[in-house]
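Take the sequences, apply the hints, and build the full model.
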Amino acid sequence: GDSVTQMEGPVTLSEEAFLTINCTYTATGYPSLFWYVQYPGEGLQLLLKATKADDKGSNKGFEATYRKETTSFHLEKGSVQVSDSAVYFCALSPLNSGYSTLTFGKGTMLLVSP
Amino acid sequence: EAGVAQSPRYKIIEKRQSVAFWCNPISGHATLYWYQQILGQGPKLLIQFQNNGVVDDSQLPKDRFSAERLKGVDSTLKIQPAKLEDSAVYLCASSLDQLRGEQFFGPGTRLTVL
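Heads up: the sequence lines are chains P and E, in that order.
Numbers 16 to 129, taken from this note's numbering, label the letters of the first sequence in order.
Numbers 767 to 880, taken from this note's numbering, label the letters of the second sequence in order.
Bear in mind the hints are in silico, worked out from the structure with no lab data behind them.
Where a beta carbon is used, it is the ideal one built from N, C-alpha and C, also for glycine.
A couple of the hints might just be wrong.
[As the list claims (entries may be wrong)] Think about it this way: if two alpha-carbon atoms lie no more than 27 Å apart in a straight line, the pair counts; the simulated DSSO-like pairs of lysine-lysine are:
| id | chain 1 | residue 1 | chain 2 | residue 2 |
| --- | --- | --- | --- | --- |
| 1 | P | K75 | P | K121 |
| 2 | E | K844 | P | K121 |
| 3 | E | K781 | E | K849 |
| 4 | E | K781 | P | K83 |
[Claimed, not checked] The calculated label-pair distances, taken between Cβ atoms and stated as ranges, are:
| id | chain 1 | residue 1 | chain 2 | residue 2 | range |
| --- | --- | --- | --- | --- | --- |
| 5 | P | M124 | E | Q846 | 32 to 38 Å |
| 6 | E | Y776 | P | Y45 | 25 to 31 Å |
| 7 | E | R775 | P | S94 | 31 to 37 Å |
| 8 | E | L805 | P | P129 | 41 to 47 Å |
| 9 | E | E868 | P | E23 | 26 to 32 Å |
[Said to hold, decoys possible] Incomplete in silico selection of chain E near chain P, CB under 10 Å:
| id | residue |
| --- | --- |
| 10 | F831 |
| 11 | F870 |
| 12 | P873 |
In structure tokens, the structure reads:
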């Protein structure tokens with residue numbers, strides 16, 4: 016079945032550091048890929064998405080590129096802020112499933128210190 | 767635009783008791799989802815509704831869990847009787863339609879079973 020693997024956290028960075036959170040997936044065909052973010056005490060929010068190979072999703076300074084050859088969708092940000100501290104989830108939705116079902120990774124906690 | 771509402775936010779019960787969670791999706795959203803998020807893991811889909819019909823309940827433990835979405839709007843998820851392993855955050859999400867529409871999540875209900 017479909018699965019998503021994320022790097023384990025927590026990832027601890029100083030403000031303005033470069034961020035990478037790795038995500039790889041296993042799926043039949045070419046799924047849509049997503050990054051969701053969960054701030055403390057809040058629900059998940061869609062951060063960015065990509066629906067086909069080589070697409071780059073971007074939002075709020077975060078970027079991720081859909082790499083079919085390596086089945087990866089790594090999340091990056093050039094300069095993190097304290098307010099980026101949250102849990103980040105990589106997820107996929109099967110192509111042609113007919114439904115927008117999401118399979119999530121376990122999540123990676125990011126802690127940014129001033 | 768109001769987001770997805772859930773109540774209660776927190777619930778503590780003893781094992782073998784019953785509990786119910788309520789969700790009000792974003793107005794006009796046809797698809798509603800219930801997820802279970804165990805500590806340290808990503809959300810796992812329990813059940814998906816399209817209007818008031820069940821689309822996917824393959825991962826719902828039907829011997830103890832039940833859900834309904836009468837009139838295709840609000841939904842309730844019930845656990846009876848609860849087990850210790852049901853301790854988790856129960857997330858409700860909604861999307862405009864079932865074909866890879868963005869899912870909007872509520873804040874969740876944190877259930878503790880003692």
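Taking the hints in turn, this is what the structure says about them:
{"no.": "1", "hint": "P:K75 - P:K121", "in the structure": "holds, 22 Å"}
{"no.": "2", "hint": "E:K844 - P:K121", "in the structure": "holds, 25 Å"}
{"no.": "3", "hint": "E:K781 - E:K849", "in the structure": "holds, 5 Å"}
{"no.": "4", "hint": "E:K781 - P:K83", "in the structure": "violated, 46 Å"}
{"no.": "5", "hint": "P:M124 - E:Q846: 32 to 38 Å", "in the structure": "holds, 33 Å"}
{"no.": "6", "hint": "E:Y776 - P:Y45: 25 to 31 Å", "in the structure": "violated, 40 Å"}
{"no.": "7", "hint": "E:R775 - P:S94: 31 to 37 Å", "in the structure": "holds, 34 Å"}
{"no.": "8", "hint": "E:L805 - P:P129: 41 to 47 Å", "in the structure": "violated, 28 Å"}
{"no.": "9", "hint": "E:E868 - P:E23: 26 to 32 Å", "in the structure": "holds, 27 Å"}
{"no.": "10", "hint": "F831", "in the structure": "violated, 18 Å"}
{"no.": "11", "hint": "F870", "in the structure": "holds, 8 Å"}
{"no.": "12", "hint": "P873", "in the structure": "holds, 5 Å"}
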